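Here is how the chains run, residue by residue.
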Amino acid sequence: MELMLSYMQGWPDWIQVTLINVVKIVVILIPLLLAVAYTTYAERKLIGYMQIRIGPNRVGPRGWLQPIADALKLLLKEAAIPTNANRYLFLVAPVISITAALAAWAVIPVSDTLLLTNIDAGLLYILALTSMGVYGVIIAGWASNSKYAFLGAMRSAAQIVAYEIAMGFALVGVLMAAGSLNLGEIVRGQQGSFLDWYVWPLFPLFLVYFISGVAETNRAPFDVAEGESEIVAGFHVEYSGMTFAVFFLAEYANIILISALTAILFLGGWHAPIDTPFTIVPPGLWFIGKAALVLFFFLWFRATFPRYRYDQIMRLGWKVFIPVTLVWIAVLGFFMFFTPLGHMFH
Amino acid sequence: MSFTQLAFYFFAAIMVFAAAMVITIRNPVKAALFLVLAFVSGACVWMTLEAEFLAIVLVLVYVGAVMVLFLFVVMMLDVNLTRLREGFGEYLPIGGLVALLMVVEMVIVLSADSFDQQNMPRPEPHGEDYSNTKELGRLLYTFYVYPFEIAALILLVAIIAAIALTLRKRPETKYQNPAEQVAVQREDRIRLVKMAAERRKDEQ
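If you're matching them up, the sequences are chains Z and P in order. Going by my numbering, 27 is the number at position 27 of the first sequence; the sequence numbering is gapless. Going by my numbering, 197 is the number at position 197 of the second sequence; the sequence numbering is gapless.
Bear in mind the hints are in silico, worked out from the structure with no lab data behind them. No experiment lies behind these values; they were computed from the predicted model shown. Heads up, some of the hints might be wrong.
Simulated crosslink set (BS3-like; lysine-lysine; CA at most 27 Å straight-line) [what the hints assert, rightly or not]:
| id | chain 1 | residue 1 | chain 2 | residue 2 |
| --- | --- | --- | --- | --- |
| 1 | Z | K45 | Z | K73 |
| 2 | Z | K147 | P | K30 |
| 3 | Z | K147 | Z | K77 |
| 4 | P | K174 | Z | K319 |
| 5 | P | K169 | Z | K319 |
| 6 | Z | K77 | Z | K45 |
Hey, can you work out the whole structure from these sequences and the hints?
In structure tokens:
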């Protein structure tokens, strides 16, 4: 970065700013895309072991090159567009999905100093972007001109609207505890040992947030939008080749995003759980480790739980999660302002 | 031209284009999608005004929730365009009158002196640590607390009314009782029957 700055001296300001930001974006995106690739590998391996089989083990040593082979295969396949499909919307849909999934990473603080932008309303920004991701699914389902895809899109729209409210209320709890919408400030509010993490005072909200996150990313057991056994593959049934790969990337980028957010909001972000011996490990690694732990749960869920029925999903979202969050926000407010326990949250 | 001006013209142009497409395009789903585009560009214009909270909330509420539900409904309806076009000439005078009235009203409000430099001075640009969100929250919960609470109450009444209007029990629908399902015991479902071993007939 220093080298770049000295090289660019004398150039107009806006060129410098743009170039530096492009470099930063690339520095964030390349590890992220690698993580996405190897999350698919980890998923297949882990679910394999959980089902007492080996999983992918042919390409490269112990199957380590499998994701690269998969990516190459998808690149070389033909991207078919169905007849009577809406061509532009059909191609725009995966782009919307991936844009929403990747743009949210702009405000994720990996450590105290390692982040692209430090905006004050970071939490709102993330909520807004994740809510835009649903358009990829809806447009894909509608533009495909296929009944299965359309059913998947409808299911996904209803599900995401239901769970976004619960998710938003869970974040209101975090916002009350931290007193800030800035993700960096939220992590700084959890400084100290692991007892200071928001997961303890906000435990019900933590559960609601995480389960809503699983539902928002359309993952098992909430994957009715795909529902292989009923509607083939749901919204992306007509997609092939690269366009399918982009949807796939977006799904996994979203999963990693939800894991990272859970680590930031509830598990203390880059802070080590206990002070002295554990601070040797750099803070960025603590953050990645926590996110990876949460990510493991996503994969574990898929191997463990059967798919929810549609009406059960709606019931859980509207009749269980929203009341739970509303009550806990009131309880939280009471504890913060009327009891001496208020210091727990700051 | 500064970068902010450039951004403003860029987003404003997209917004005007998208808004025009909303009312001219035939396909209702595409019209709804253009409305989404108009909202997003509107949010970007607000962002250049340092109203980042309002901009993000516009995206969050209108794009993320309201328009999703809108699309949901529009996609489900099979809008028949030929039938819609039949009444066009019949409604044209009334529609034109309403449009004209709206234009006159907007001209009166927007082009009056209330928006000139003296009454509406250019807002002071704020520093980097200025939080628009905090400022808005403080105003809403102190100075405007009664209007805010009354608006909230009206919305609550509207929600309850909407739910009460659509909620109906149909006798043919099967409902499941989760409490009963959770409380179910092994004895409710399985009956173990003890019986002595029997011999085949020919062995007796």
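Results for each hint:
Between Z/K45 and Z/K73 the alpha-carbon distance is near 19 Å, which keeps this suggested pair within the 27 Å criterion. For the given pair, Z/K147 sits about 19 Å from P/K30 by alpha-carbon distance, which is consistent with the 27 Å threshold. Proposed proximity of Z/K147 and Z/K77 is supported: the alpha carbons are some 24 Å apart, at most 27 Å. Distance restraint check for P/K174 and Z/K319: the Cα-Cα separation of roughly 18 Å lies within the 27 Å cut-off, and the hinted pair is therefore satisfied.
Taking the CA atoms of P/K169 and Z/K319, the gap is about 17 Å. The hint holds against a cut of 27 Å. Distance restraint check for Z/K77 and Z/K45: the Cα-Cα separation of roughly 25 Å lies within the 27 Å cut-off, and the hinted pair is therefore satisfied.
Violated hints are absent here; each numbered hint is respected by the structure.
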